[in-house]
Amino acid sequence: MLHLVTATASEPDPHDGPGDATRVGFVVSRAVGNAVTRNRVRRRLRHLLRDRCAGLPHGSVLVVRALPTAAVATSATLARDLDRCLGRLLGPSPSGVDR
RNA sequence: UGAGCCGGCCGGGCGGCCGCGGCGGGGAGACCCGUCGAGGAAGGUCCGGGCUCCACAGGGCGAGGUGGUGGGCAACACCCACCCGGGGUGACCCGCGGGACAGUGCCACAGAGAACAGACCGCCUCCCCGGUGCGCGAGCAGCGGGGCGGUAAGGGUGAAACGGUGGUGUAAGAGACCACCAGCGCUCCGGGUGACCGGAGCGGCUCGGUAAACCCCACCUGGAGCAAGGUCAAGAAGGGAGCACGGGCGACCGGGCUCCCGCGCGAGCGUUCGAGGGCGGCCCGCCCGAGCUCGCGGGUAGACCGCACGAGGCCGUCGGCGACGGCGGUCCCAGAUGGAUGGUCGCCCACCGAGACGUCGCGAGGCGUCCGGGGACAGAACCCGGCCUACAGGCCGGCUCAUCCC
RNA sequence: CGGGGUGUGGCGCAGUUUGGUAGCGCACCCGCUUUGGGAGCGGGGGGCCGUGGGUUCAAAUCCCGCCACCCCGA
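The opening position of the first sequence corresponds to residue 1 in this note's numbering, with each subsequent residue numbered one higher.
The hints are simulated quantities; they were obtained by calculation from the structure and are not laboratory data.
Among the hints, erroneous ones may be present.
[To be verified] Label-pair restraints from in silico Cβ distances:
id, residue 1, residue 2, range
1, Val36, Thr77, 26 to 32 Å
2, Asp83, Arg23, 18 to 24 Å
3, Leu90, Val36, 31 to 37 Å
4, Thr77, Ala31, 17 to 23 Å
5, Pro57, Asn34, 31 to 37 Å
6, Asn39, Cys85, 27 to 33 Å
7, Val72, Gly25, 20 to 26 Å
8, Val36, Gly87, 28 to 34 Å
9, Ala54, Arg88, 29 to 35 Å
10, Asp83, Asn34, 16 to 22 Å
11, Arg46, Pro68, 15 to 21 Å
12, Ala31, Ser75, 29 to 35 Å
13, Cys53, Arg80, 15 to 21 Å
Glycine included, each C-beta is placed from N, C-alpha and C at the ideal position.
Go ahead and model the full structure; you've got the sequences and the hints to work with.
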């Protein structure tokens with residue numbers, strides 16, 4: 001599940017200075033698994049997101065929330081689901097804020 | 001060879017590509033180079049400390065913890081050795097292991113009786129009544145019923161019944177007495193630092209269990225936690241409810257004139273009483289003492305120190321049964337905070353396969369090659385010492401029992 | 001980092017303080033009632049008391065260690 005805030009719709013963030021960098025955050029709850037599996041899921045998602053940051057609008061803020069089935073998924077499966085969600089986010093939505 | 005016991009250790013390896021964090025160096029900078037980068041449990045957060053802040057005036061009551069002895073340790077509820085009890089043929093294992101004559105409570109059901117003992121059935125002496133047999137008769141034998149007593153051998157209940165076995169004894173019996181055994185207490189001797197052990201004698205013969213029920217005894221314990229605590233920067237807006245916001249005396253003047261009486265303002269001052277707090281259980285006592293408590297609303301959640309040299313690891317040697325300690329040498333070994341320590345491939349190595357082929361064997365099966373699968377539990381957050389829990393697979397050492405061979 | 005609570009038939013809860021018989025409501029099954037169903041009445045079945053060990057003659061209850069879930073404070 002993905003949440004995106006693009007730079008045009010977002011207010012100027014007061015907490016950090018250069019607000020034009022694209023930022024990504026991950027939410028992996030305790031329902032996903034123990035600390036080891038939560039770390040593994042987050043690290044895989046981070047490496048996958050690293051290659052896809054260029055495709056996002058400049059200054060976006062993206063939140064990726066991992067569901068419990070991500071614990072048993074392979075990296076290829078995670079990449080396919082991530083691309084599908086990103087395509088739905090960046091495709092037809094006219095406004096800047098979407099889920 | 002087969003069963004088994006104990007202790008210690010490892011926790012996949014190598015390489016390619018792309019990345020992350022700390023430290024050091026270079027550079028004006030982008031960045032580059034070097035180096036280090038999770039665990040035996042990092043886990044649960046059950047104990048004990050270090051460190052930091054607060055308090056420190058003590059006393060009493062209470063609460064919590066520990067519980068054989070002697071050592072180890074900074075300390076411990078941990079560890080070592082030993083003692084005692086229980087289990088096992090044995091190597092070994094298990095034990096919250098002080099006190100039940102300081103007191104209180106509880107012991108269901110069953111059973112006569114469950115805790116200063118008591119007496120249901122039964123056994124026995126004696127007395128009374130009834131009737132039978134024998135006898136000419138007084139009476140005797142035995143039966144049934146009742147009563148005053150004596151008993152605790154036998155019966156049965158229970159987890160547990162006031163020593164066990166054999167004998168003497170007796171109306172019947174009983175540690176009433178005797179022998180042996182079990183247990184308790186006292187004295188003495190020997191061993192041990194001690195818990196305790198061994199032996200001898202004597203005693204009354206014999207007093208249940210439960211303290212992981214209250215309790216008693218001995219010892220220990222101030223509170224909070226790195227979001228501790230400190231420095232810097234930035235920002236902010238107040239308003240509401242409740243309790244309290246105070247009382248007495250003195251200093252002014254007059255009269256008797258070191259004190260008392262009369263009078264009036266008492267902001268500040270001194271003294272006394274004081275809500276509340278220090279004092280996170282309560283009381284006495286000590287100290288501070290004019291604000292305290294609870295909602296609503298607003299602001300910040302940035303940087304640095306603490307913060308990585310420590311009861312530190314490894315090696316050797318000496319002392320000790322051991323836990324551990326002394327000495328010498330050597331090494332520096334994670335430090336994030338939107339939280340690094342990774343992602344993805346290839347080869348090898350364990351391991352698995354009722355997959356294929358070859359080979360050995362009568363056979364169960366073994367070996368080799370290929371193929372497929374496949375890598376335990378688990379992620380530091382101030383730091384140590386332990387405990388507990390999870391863990392695929394493997395390695396090493398010591399020991400016991402059984403069987404066979406020499 | 002610190003503190004607290006819960007676990008008992010299919011579901012929701014008592015019983016734990018002071019140890020000996022596990023109980024209540026709904027649900028389920030059978031019978032009666034009704035033309036039939038519901039409601040009602042009567043009867044019945046079903047629980048390793050989260051788990052492992054210990055104390056005790058005896059443990060859901062007392063003690064210790066784990067497991068799972070929930071809540072609160074900084």
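Quick rundown of the hints versus the structure:
Distance hint for valine 36 and threonine 77: a CB-CB separation of about 19 Å, inconsistent with the stated range 26 to 32 Å. The hint said 18 to 24 Å for the Cβ distance between aspartate 83 and arginine 23, and at roughly 20 Å that hint holds. A C-beta distance of roughly 33 Å is found between leucine 90 and valine 36, which places it inside the suggested range of 31 to 37 Å. Distance hint for threonine 77 and alanine 31: a CB-CB separation of about 18 Å, consistent with the stated range 17 to 23 Å.
Distance hint check for proline 57 and asparagine 34: the Cβ-Cβ separation is about 36 Å, which falls inside the suggested range of 31 to 37 Å. Restraint check, asparagine 39 to cysteine 85: a C-beta distance of roughly 22 Å breaks the suggested window 27 to 33 Å. Our hint of 20 to 26 Å for valine 72 and glycine 25 holds, since their Cβ atoms are close to 23 Å apart. Checked against the hint of 28 to 34 Å, the C-beta distance between valine 36 and glycine 87 comes to roughly 31 Å, which is consistent with it.
Range check, alanine 54 to arginine 88: Cβ separation about 19 Å, and the 29 to 35 Å hint is violated. In this structure the supplied range 16 to 22 Å is violated for aspartate 83 paired with asparagine 34, their Cβ-Cβ distance being about 28 Å. A hinted range of 15 to 21 Å for the beta carbons of arginine 46 and proline 68 is consistent with their spacing of about 19 Å. Remark: the range hint 29 to 35 Å for alanine 31 to serine 75 is contradicted by a beta-carbon distance near 21 Å.
Taking 15 to 21 Å as the suggested C-beta distance range, the pair cysteine 53 and arginine 80 conforms, at roughly 18 Å.
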